[in-house]
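Residue numbers in the sequence shown follow numbering that gives the first Met the number 0, run continuously in steps of one, and reach 291 at the last position.
Hints are supplied without guarantee of correctness; some may be wrong.
Unchecked claim - Lysine to aspartate or glutamate pairs mimicking EDC-like chemistry, simulated, CA-CA at most 16 Å apart:
no., residue 1, residue 2
1, Lys285, Asp226
2, Lys67, Asp226
3, Lys67, Asp84
4, Lys285, Asp176
5, Lys67, Asp260
6, Lys178, Glu141
7, Lys178, Asp226
Hint data in this document are derived by calculation from the structure and do not stem from the laboratory.
On a predicted model such as this, the values are computed, not experimentally measured, just so you know.
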Amino acid sequence: MKRNSKPSHWPLRLLLVVALLTVMAGWPPPAQAQGQAQAAPPERALNFAVLPYTSPRALMEIYEPLVKRIEQRLERPVRLVTAPDLPTLRQRALEGSYDFIIPPNTMVADLVEEGYLVVARGMPSFRGGVIVRQDSSVRRLEDLRGRTLAGVGRHSYGGYLFLRPRLEQAGIDPDRDLKTVFGSLDNIIYGVINGQFDAGIGRLDMLHHPRHSALLPRLRLVEESNDIPQFPFMVAEWFCEASVAVLLDELLRLSPDNHEDFPLLNSLGISRMEAATFADYEPFIKLLSEVP
Numbered sequence: 000m001k002r003n004s005k006p007s008h009w010p011l012r013l014l015l016v017v018a019l020l021t022v023m024a025g026w027p028p029p030a031q032a033q034g035q036a037q038a039a040p041p042e043r044a045l046n047f048a049v050l051p052y053t054s055p056r057a058l059m060e061i062y063e064p065l066v067k068r069i070e071q072r073l074e075r076p077v078r079l080v081t082a083p084d085l086p087t088l089r090q091r092a093l094e095g096s097y098d099f100i101i102p103p104n105t106m107v108a109d110l111v112e113e114g115y116l117v118v119a120r121g122m123p124s125f126r127g128g129v130i131v132r133q134d135s136s137v138r139r140l141e142d143l144r145g146r147t148l149a150g151v152g153r154h155s156y157g158g159y160l161f162l163r164p165r166l167e168q169a170g171i172d173p174d175r176d177l178k179t180v181f182g183s184l185d186n187i188i189y190g191v192i193n194g195q196f197d198a199g200i201g202r203l204d205m206l207h208h209p210r211h212s213a214l215l216p217r218l219r220l221v222e223e224s225n226d227i228p229q230f231p232f233m234v235a236e237w238f239c240e241a242s243v244a245v246l247l248d249e250l251l252r253l254s255p256d257n258h259e260d261f262p263l264l265n266s267l268g269i270s271r272m273e274a275a276t277f278a279d280y281e282p283f284i285k286l287l288s289e290v291p
């Protein structure tokens with residue numbers, strides 16, 4: 000039997016079917032499909048990270064009012080987050096887990112290298128200090144030899160680092176001549192009062208927070224640091240310029256003369272916010288580089 004020599008029309012038919020399916024996939028046209036379009040998925044919550052210098056509950060009390068204000072201005076949900084310790088906070092920030100962050104000053108240079116921008120900071124500056132119980136026999140740094148010292152973190156300037164060169168000047172090796180532990184400011188304060196720690200290091204302005212002010216008569220200051228810039232408000236490089244402008248505007252609006260703003264500023268230990276850049280932190284970062 001002869002083979003049929005006529006050319007097959009299957010390839011042509013296949014092309015026609017594909018073309019028809021392509022047209023049908025775009026049906027109905029946009030004008031007719033508006034009522035059938037699915038709603039856009041909600042925008043993800045922005046992650047606002049703060050360093051874990053005190054308990055999560057205390058952080059929520061301090062920063063939640065600011066979170067609410069930012070949400071209102073950006074018209075987008077904002078989630079307050081932190082980390083179990085400073086190394087974890089740094090790692091997550093460098094991995095891009097945060098949209099904006101208030102980091103410790105010791106972390107600023109690393110974050111800038113990864114694309115984060117300094118946009119604002121609180122005023123005035125603050126100081127760190129060494130506190131003991133009123134009835135403690137520790138009167139000067141030399142008395143800390145062989146004692147237990149509690150700090151906020153090994154990489155915290157106001158909560159530990161400022162003291163290291165001063166201990167060395169007092170003839171104390173901070174790594175061998177005393178026991179050092181780290182924890183939240185709340186734990187440090189109560190640990191000193193309860194006799195768990197011989198001395199504690201932390202931000203002195205936070206001692207005047209309503210949460211701690213009643214404890215002040217039971218504490219005594221032994222050593223005080225130099226002025227330390229308030230931790231900066233930084234945003235990730237992917238944060239759009241328009242949102243940064245709105246965010247900065249809201250921060251600069253905070254005023255102690257406004258009865259609604261005063262509790263928030265007081266809880267943050269500042270009197271106002273001001274615009275800032277990385278250049279404002281460079282002198283302090285140079286100081287950090289000289290700490291042994």
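A quick look at each hint next to the structure:
| no. | hint | in the structure |
| --- | --- | --- |
| 1 | Lys285 / Asp226 | 14 Å, holds |
| 2 | Lys67 / Asp226 | 30 Å, violated |
| 3 | Lys67 / Asp84 | 25 Å, violated |
| 4 | Lys285 / Asp176 | 28 Å, violated |
| 5 | Lys67 / Asp260 | 12 Å, holds |
| 6 | Lys178 / Glu141 | 14 Å, holds |
| 7 | Lys178 / Asp226 | 26 Å, violated |
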